[in-house]
Amino acid sequence: MSDIVATSRPALGRGFRLQWEAAQNAHVLLYPEGMVKLNGSAGEILKRCNGKRTVLEIVQDLEIAFGTMGLSADVMAFVATAVNKKWLEVHP
Amino acid sequence: MSAHTETQTGRLTEAQVNAPGPDTAVAQPESDRAPVGPPFWLLLELTYTCPLHCAFCYNPTDFARTQEELPTEDWLRVLREARALGAVQLGLSGGEPLTRDDLEIIVAEAHSLGFYTNLVTSGVGLTEARIKALKAAGLDHIQLSFQDSTREMNDFLSSTRTFELKSKVAALIKQYDYPMVLNVVLHRLNIDHVEEILDMAERMNADYVELANTQYYGWAWHNRDRLLPSRAQVERAEAATAQFRERVGERIRVYFVVPDYFERRPKPCMNGLGSLFLTVTPDGTALPCHAARMLPGMEFPNVRQASVEWIWRDSPGFNRFRGDAWMKEPCRSCPEKTKDFGGCRCQAYLMTGDPTNADPVCDLSPYHHLVTEAVARADRPYVEEKPVLIFRDARNSRTITGCGG
Numbered sequence: 021m022s023d024i025v026a027t028s029r030p031a032l033g034r035g036f037r038l039q040w041e042a043a044q045n046a047h048v049l050l051y052p053e054g055m056v057k058l059n060g061s062a063g064e065i066l067k068r069c070n071g072k073r074t075v076l077e078i079v080q081d082l083e084i085a086f087g088t089m090g091l092s093a094d095v096m097a098f099v100a101t102a103v104n105k106k107w108l109e110v111h112p
Numbered sequence: 068m069s070a071h072t073e074t075q076t077g078r079l080t081e082a083q084v085n086a087p088g089p090d091t092a093v094a095q096p097e098s099d100r101a102p103v104g105p106p107f108w109l110l111l112e113l114t115y116t117c118p119l120h121c122a123f124c125y126n127p128t129d130f131a132r133t134q135e136e137l138p139t140e141d142w143l144r145v146l147r148e149a150r151a152l153g154a155v156q157l158g159l160s161g162g163e164p165l166t167r168d169d170l171e172i173i174v175a176e177a178h179s180l181g182f183y184t185n186l187v188t189s190g191v192g193l194t195e196a197r198i199k200a201l202k203a204a205g206l207d208h209i210q211l212s213f214q215d216s217t218r219e220m221n222d223f224l225s226s227t228r229t230f231e232l233k234s235k236v237a238a239l240i241k242q243y244d245y246p247m248v249l250n251v252v253l254h255r256l257n258i259d260h261v262e263e264i265l266d267m268a269e270r271m272n273a274d275y276v277e278l279a280n281t282q283y284y285g286w287a288w289h290n291r292d293r294l295l296p297s298r299a300q301v302e303r304a305e306a307a308t309a310q311f312r313e314r315v316g317e318r319i320r321v322y323f324v325v326p327d328y329f330e331r332r333p334k335p336c337m338n339g340l341g342s343l344f345l346t347v348t349p350d351g352t353a354l355p356c357h358a359a360r361m362l363p364g365m366e367f368p369n370v371r372q373a374s375v376e377w378i379w380r381d382s383p384g385f386n387r388f389r390g391d392a393w394m395k396e397p398c399r400s401c402p403e404k405t406k407d408f409g410g411c412r413c414q415a416y417l418m419t420g421d422p423t424n425a426d427p428v429c430d431l432s433p434y435h436h437l438v439t440e441a442v443a444r445a446d447r448p449y450v451e452e453k454p455v456l457i458f459r460d461a462r463n464s465r466t467i468t469g470c471g472g
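Chains as they are written, first to last, in the working numbering: chain A, 21 to 112; chain B, 68 to 472.
Since the hints were made in silico from the structure, they are not lab data.
Being a predicted model, the structure only gives us computed values, none of them experimental.
Yeah, the Cβ is synthetic: ideal placement off N, Cα and C, and Gly gets one too.
Don't take every hint at face value.
[What the hints assert, rightly or not] Taking lysine-lysine and the DSS-like style, the derived pairs with C-alpha atoms no more than 30 Å apart in a straight line are: (1) B:K395 with A:K106; (2) B:K395 with B:K406; (3) B:K202 with A:K105; (4) B:K202 with B:K241; (5) A:K72 with A:K106; (6) A:K105 with B:K241; (7) B:K235 with A:K67; (8) A:K67 with A:K106; (9) A:K106 with B:K241; (10) B:K241 with A:K72; (11) A:K72 with A:K105; (12) A:K105 with A:K67; (13) B:K235 with A:K106; (14) A:K67 with B:K395; (15) A:K106 with B:K202; (16) A:K72 with B:K199; (17) A:K105 with B:K406; (18) B:K235 with B:K202; (19) B:K241 with B:K199; (20) B:K202 with A:K72; (21) B:K406 with A:K106; (22) A:K67 with B:K406; (23) B:K235 with B:K199; (24) B:K199 with A:K105.
[Said to hold, decoys possible] Just the calculated beta-carbon pair ranges, DEER-fashion: (25) B:E263 with A:G87: 33 to 41 Å; (26) A:G71 with B:A461: 48 to 56 Å; (27) A:A97 with B:R331: 32 to 40 Å; (28) A:T27 with B:T194: 53 to 61 Å; (29) B:R399 with A:G71: 34 to 42 Å; (30) B:Y243 with A:V25: 27 to 35 Å; (31) B:R331 with A:T74: 48 to 56 Å; (32) A:S92 with B:W393: 48 to 56 Å; (33) A:G87 with B:R371: 49 to 57 Å; (34) B:D460 with A:K105: 51 to 59 Å; (35) B:R399 with A:T74: 39 to 47 Å; (36) A:T74 with B:R314: 33 to 41 Å; (37) A:T74 with B:G316: 23 to 31 Å; (38) B:D141 with A:W40: 22 to 30 Å.
Start from the sequences, fold in the hints, and give me the full structure.
Right under this line is the structure:
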């Protein structure tokens, strides 16, 4: 359904808001009458999805920020899941 | 690195909260008390004034007794105090919240505090000027209620002529780029129209459709035998919903809230009282559930006299049904008590006279026959052309509660 490629530019879905919640010590994704509490990885990925960065750039940014390599498959899989859930939209 | 979500708080409807509890509970100094997490959900019932008179409204039947509504500054203080406790979702409801001319001020404050703001409206009063002002104030989402897909039934059930107006409002909501949740309360008189209702939702480009079977509190309790659908009706409605989902896929999310009378286990009502949900009624009374005021022998605090923090953490009204010490058998020794919390306290009280009993929806309850008997009555052949419903208005409110007027 969602074809995520390295050049896709994901952005938060319409009606969704991402914010840091001190009371939960986590990023949360808010949407009509609901909330998803994100784990650290999901929060780090989603906060980089601004509709301008490509998936490739997000991966590179994360790899630098966390001093690691080989995140591409995980990030792509998460972005695909998030698009299916409407958390993210991808504009070609 | 594996990326996935930790906790997903499911869609929270007004009537039902299906959500795992918070795992970041705030430690309590009193060691004998269970830790209390944030009131994730804050529902402000800004007013009982409503242009509609729906016979299935959950508002208390004695609403006509309500005296003064809270002034703007009290609502703003409630917002600030609840947000400080970790509240994130805000429902603005009523009555019809648009009858308050300070709605935009309340939305603006809520938005700047970091609430996700949800307006729950009949659409009456939502002019283009107001939707524009609400958008500018930061309103995130509008839930529009519809009584049915046909003008006749919509107008009959809400005792008004509002269908055309609501259709226009639905178009305005889309025009202002809001995700739109269409909410239709289902019952015996409209549940056979689920297919048409869903088609209407599709024509209106709804993003979410909530097919919420009536919950029998307040006005709906008074009209229960006329509103409860038959089992065959429920099954047909579920089949129609499944067909629609298959055709439309992810484009429109349809939530079908099953009527609990047809279940054998109760709903985890509010995820347990005092766990996620905080309602403030028009006069400032704070409740752990919007129907809880009916519970006998309980005094609920008022935000005019107490801080939201004390109300949520310490007030007896909010602690009464926390944990499971209040439970009787069969709940007390039941392994499922951590899943459904014994069901709904209000339903237990309404049907058995004792709010500490198991919700009689549970087939382990000695009172379960009260539910099955109501369902059996609903299976009777349909005879009434236009059943006599008691519409929610001030005159009926005074009549029902014996408060002459």
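Going through the hints against the structure:
1. Restraint check for B:K395 and A:K106: not satisfied, since their Cα atoms lie roughly 43 Å apart, outside the 30 Å limit.
2. Of the pairs offered as hints, the one joining B:K395 and B:K406 holds, with about 16 Å between alpha carbons and a cut-off of 30 Å not exceeded.
3. Restraint check for B:K202 and A:K105: satisfied, since their Cα atoms lie roughly 25 Å apart, inside the 30 Å limit.
4. Restraint check: the Cα-Cα separation between B:K202 and B:K241 comes to about 12 Å, which is no more than 30 Å; the hinted pair holds.
5. This hinted pair checks out: A:K72 and A:K106 have alpha carbons roughly 18 Å apart, not beyond 30 Å.
6. At roughly 21 Å between alpha-carbon atoms, A:K105 and B:K241 fall within 30 Å of each other, so this suggested pair holds.
7. Pair hint B:K235 plus A:K67 does not hold up; C-alpha atoms about 36 Å apart against a cutoff of 30 Å.
8. As the CA atoms of A:K67 and A:K106 are separated by approximately 15 Å, the hinted pair is consistent with the 30 Å bound.
9. Taking the CA atoms of A:K106 and B:K241, the gap is about 18 Å. The hint holds against a cut of 30 Å.
10. In summary, the hint linking B:K241 to A:K72 is supported, as the alpha carbons are separated by about 25 Å, within the 30 Å threshold.
11. Under the criterion of a C-alpha separation no larger than 30 Å, the hint pairing A:K72 with A:K105 is consistent with the structure, at around 20 Å.
12. A hinted pair counts as satisfied when its Cα atoms are at most 30 Å apart, and A:K105 with A:K67 qualifies at roughly 16 Å.
13. At most 30 Å may separate the alpha-carbon atoms for a hinted pair to count; B:K235 and A:K106 meet this at roughly 27 Å.
14. For the proposed pair A:K67 and B:K395, the alpha carbon gap of about 47 Å is over 30 Å, so the pair is violated.
15. Proposed proximity of A:K106 and B:K202 is supported: the alpha carbons are some 22 Å apart, at most 30 Å.
16. Straight-line distance between C-alpha atoms of A:K72 and B:K199 comes to about 28 Å, which keeps the hinted pair within the 30 Å bound.
17. Restraint check for A:K105 and B:K406: the C-alpha separation of about 25 Å stays at or below 30 Å, so the hint holds.
18. Between the alpha carbons of B:K235 and B:K202 the distance comes to roughly 17 Å, so the proposed pair stays at or under 30 Å and holds.
19. Taking the CA atoms of B:K241 and B:K199, the gap is near 12 Å; set against the 30 Å cutoff, the hint holds.
20. Our distance criterion of 30 Å between C-alpha atoms is met by B:K202 and A:K72, whose separation comes to about 25 Å.
21. As the CA atoms of B:K406 and A:K106 are separated by approximately 28 Å, the hinted pair is consistent with the 30 Å bound.
22. Taking the CA atoms of A:K67 and B:K406, the gap is near 33 Å; set against the 30 Å cutoff, the hint is violated.
23. The suggested pairing of B:K235 with B:K199 holds, with an alpha-carbon distance near 15 Å, which does not exceed 30 Å.
24. Of the supplied pair hints, the one linking B:K199 and A:K105 holds, its CA atoms being roughly 29 Å apart against a limit of 30 Å.
25. At about 58 Å, the CB distance of B:E263 to A:G87 disagrees with the hint of 33 to 41 Å.
26. Distance hint check: the CB atoms of A:G71 and B:A461 are about 50 Å apart, consistent with the given range 48 to 56 Å.
27. The hint said 32 to 40 Å for the Cβ distance between A:A97 and B:R331, and at roughly 38 Å that hint holds.
28. A hinted range of 53 to 61 Å is violated for the C-beta pair A:T27 and B:T194, which are about 44 Å apart.
29. Taking 34 to 42 Å as the suggested C-beta distance range, the pair B:R399 and A:G71 does not conform, at roughly 53 Å.
30. At roughly 33 Å, the beta carbons of B:Y243 and A:V25 sit within the given window of 27 to 35 Å.
31. A hinted range of 48 to 56 Å holds for the C-beta pair B:R331 and A:T74, which are about 51 Å apart.
32. Between A:S92 and B:W393 the C-beta distance comes to about 53 Å, which sits within the given range of 48 to 56 Å.
33. A hinted range of 49 to 57 Å holds for the C-beta pair A:G87 and B:R371, which are about 54 Å apart.
34. Take B:D460 and A:K105: their Cβ atoms lie about 42 Å apart, and the range 51 to 59 Å is violated.
35. In this structure, B:R399 and A:T74 break the distance hint of 39 to 47 Å, their C-beta atoms being roughly 57 Å apart.
36. Distance hint check: the CB atoms of A:T74 and B:R314 are about 34 Å apart, consistent with the given range 33 to 41 Å.
37. Distance hint for A:T74 and B:G316: a CB-CB separation of about 27 Å, consistent with the stated range 23 to 31 Å.
38. Our hint of 22 to 30 Å for B:D141 and A:W40 holds, since their Cβ atoms are close to 29 Å apart.
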